[in-house]
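Enquirer: If you want the building blocks of each chain, they are given just below.
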Amino acid sequence: MSRIIPLIAIAAVGLCVALVIVVVSVMTGFLDMVQSAGKTLMGDVIITYGVSGIPHYESLVEKLEEDPSVLAATPIVDGWGLLRMPYPDSAAKQSETVQVWGIDPESFTQVTGYNNTLQWKTPSKQQLDWLLFDAFIENASAILQTMSDEKQQLLIDTVDSAGSTMNYQFTDLWSAMEEQLSEEQWKIINAYDERLQNPENVFTQGLSLSRNGKAGIVSGLHVSDGNERQQDGSYAVIRNDHWWMPRYEGTLTMLPIASGGGLIEPESVIMPFTNEFQSGVFLIDSSRIFVPIKTAQQLLHLDKAELVDKDDPTIIVGIDPARATSVLVRGAEGVTAQELQQISIKVYDEFRESLRGITNVMPPSRGETSLSIHTWKEQQKSFTGPVEKERELMRTLFSIIYLVVAALILSIFWAIVFEKTRDIGILRSLGASRAGIIWIFLRYGGIIGILGSLLGLLLGWLITKNINEIHAAMGSPPISIAIGAFIISVASLWVVFIRGRRGEILPIVVGLLSAITFGGIGGLVVFVRSQGGIVIWDASVYYFSVIPNNIDWPSASFTLVGAVLFCLLGAVIPAAKAADTDPVKALRHE
Amino acid sequence: MSNTPLLQGIDLRKTYHLGKTEVPVLHGASLEIQRGDWITVLGSSGSGKSTLLHLLGGLDRPDKNSGEVLFQGESVWDKTNKEINEYRNSDIGFVFQFYHLLPELNVFENVLLPAMIGGRKTNNDEARKRAVSLLTHFGIDHRMFHRPRELSGGERQRAAIARALINTPKVLLADEPTGNLDETTGNEILNVLQKLHQDGLTIVMVTHEQQIADRGNVVIQLRNGVV
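Going down the list, the sequences are from chains B and C. Under the numbering used here, think of the first position of the first sequence as 1, with each following residue one higher. Under the numbering used here, think of the first position of the second sequence as 1, with each following residue one higher.
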């Protein structure tokens, strides 16, 4: 028997197994990422009361935090809004529909780890140059007043020339201005922007959602068109940080809804961008912005208001308290989401009871349908449900591969049994039993299955672990691959030429196929490079900016066992045929 | 007991079916083999001598209700499948014209094969020792770890004989053992068989050559399927 057949069988089984492992692992990783991102982004339990919000939510948060099972709780005011983007190139100005979350940054950080999602920790030198540039332009007259004409001209020239080149190269405006400005003049500029005094203020401003004392926005990294993902997964701002959001202000417009349900005049507010965040979930990063909870309450008319008499608006009859649409709860270490959900329900009931008789604006009772107290899993269901279904579908579809494995082994073994008929006859004539013959083939099939599975596992593991690198390499395939492929291609042609002269057909066919294949690979690499790379994993389609790269071990082991079983299944029919070989006929078989 | 032949074929008939045509090969052949016999069956090609050997060796079944093979007085075909396998494995040693060694195994492994197949009863170390001593006895111990294709025809046939003897069978069935060898080598093989016979082994050999048949102590002529 030629030794190459079992090797081909092992390789084929290995490829099948690797394929399933990679696909299911990526899908599972994807699902895990969705779920864990959801968990990080919204805490363990979410208490929500739709559009009109929960009044006296501060008391609810307080009561929740008194419970030892609760690590932290934080109120949220969420609604939809329009954000007019401040893109610096005038033609590009546009509005984005955004999901606005009004948050209390301090407690929000405790519940969601918000601080870890902030994108800009300290600005780069280039970004600082832009801030300095902005500060100078804003304060030009004040600064120039204090200078001699000569120096003025020099400074204007410096800033001018920097301004015209900064959007494509680093000019080190900072050093240039440091030379020309006196301490006094620096002070004027510094006073304009806290971040010039201490660059780390970019981060603290993001944390506190305020810039120079003004309530600010932290937007998702993909809300702005200015942030471009690099091949290594990091982000860069286009046009040499020209479009860096924290330089600008945006106009946020929200639609408040009256307690009666009708629309009230939209409210707008101009707010500075303080930082950007990246949760890793594209859907969120592309549509969510954070603003201080007070701002959101004001824009949505959920802030504290005086209740006035119907007939005489000058008579104040009471207070309509501020409201939060949701309260997010994070459990203490070791408390499951389900346990926390029960505790939250209990605390909510206590909270509502405690208000009875004290206020005339009662929070909704738990019987109301739009009040929900969900675990993060339930809250995510609408999103994770389809993904889970998709994974099951993939699993089912890819189970067909088992049939491929079985058919493969069946055909190979059928051929082997035919080829080995005489040897089987010899074994039978030497007294080998039918069971013994079956056992030989089953064992052989099992070994191919096991080796193939292990090979597939190794291959699947390598691919899955390096899937982001592979994807990046596809984006810009190394030219060495093309060179290697072309060399193999030429070598194949050489073999065709040398061996072909002897009139053998097989080397010609194999050589030509190899030459075409490797030539094609080389050509493809060159083509892809000329096109600037291909991107298969588009973050905007798959929600995540990186491809999950963890092996789903339960599925993988299931796949391995399945592959071995189907190898045995494929081997059993040829094995039975072999066992029934008539020794006399087989011995005549040549 | 001493009167019972070691191996006995009674009125053996065998018909082959080639599509719809029936080709009768044996028409009631009977023979008796006593312990220590070297019986040679002489017949032209197509006379059914190989078939006779296959029937005796339990490789093939006579036609229904047409004769019996008795080994030590017991009908071979009344045995269970398991017993037939054991019969082929340990009671009979088969030597074929075309050696029928397994190409993937080396000579030593080929010789050991029947012992491994009958594994349950055979002590492995003992079998290995016996394999080595048989190969040494037949002068091919230096070829032990070669593949069959690296051996000459005579060496292959010696290896095949060693394989047939590994389980110390009661009868050696040889189907034209020299048919594929030149005269000198063929004679060497016949000398080997003669030596075995002198040492007490019972041998049944089929051939189409009178000269070779004459080496046995009983010569049976097989013509048109009858003895």
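By construction, these hints were calculated from the structure, which means they are not laboratory data. Among the hints, a few may not be true.
[Unchecked claim] Subject to a maximum C-alpha distance of 25 Å in a straight line, what follows is the list of computed BS3-like cross-link-like pairs (lysine-lysine):
#1 C/K82 <-> C/K64
#2 C/K79 <-> B/K585
#3 B/K294 <-> B/K63
#4 B/K585 <-> C/K129
#5 B/K377 <-> B/K389
#6 C/K79 <-> B/K577
#7 C/K170 <-> C/K195
#8 C/K195 <-> C/K79
#9 C/K82 <-> C/K195
#10 B/K585 <-> C/K82
#11 B/K585 <-> C/K195
#12 B/K304 <-> B/K63
#13 B/K93 <-> B/K187
#14 B/K121 <-> B/K151
#15 C/K79 <-> C/K129
#16 B/K187 <-> B/K121
#17 B/K577 <-> C/K82
#18 C/K20 <-> B/K577
#19 B/K377 <-> B/K39
#20 B/K121 <-> B/K214
#21 B/K310 <-> B/K214
Enquirer: All the hints need checking, so say for each whether the structure fits it.
Expert: Verification of the hints:
no., hint, verdict
1, C/K82 <-> C/K64, "holds (21 Å)"
2, C/K79 <-> B/K585, "holds (21 Å)"
3, B/K294 <-> B/K63, "holds (21 Å)"
4, B/K585 <-> C/K129, "violated (33 Å)"
5, B/K377 <-> B/K389, "holds (15 Å)"
6, C/K79 <-> B/K577, "holds (23 Å)"
7, C/K170 <-> C/K195, "holds (16 Å)"
8, C/K195 <-> C/K79, "violated (32 Å)"
9, C/K82 <-> C/K195, "violated (32 Å)"
10, B/K585 <-> C/K82, "holds (20 Å)"
11, B/K585 <-> C/K195, "violated (32 Å)"
12, B/K304 <-> B/K63, "holds (20 Å)"
13, B/K93 <-> B/K187, "violated (33 Å)"
14, B/K121 <-> B/K151, "violated (35 Å)"
15, C/K79 <-> C/K129, "violated (31 Å)"
16, B/K187 <-> B/K121, "holds (24 Å)"
17, B/K577 <-> C/K82, "holds (19 Å)"
18, C/K20 <-> B/K577, "holds (24 Å)"
19, B/K377 <-> B/K39, "holds (8 Å)"
20, B/K121 <-> B/K214, "holds (20 Å)"
21, B/K310 <-> B/K214, "violated (36 Å)"
In this structure, the earlier hints numbered 4, 8, 9, 11, 13, 14, 15, 21 are contradicted, and the remaining ones agree with it.
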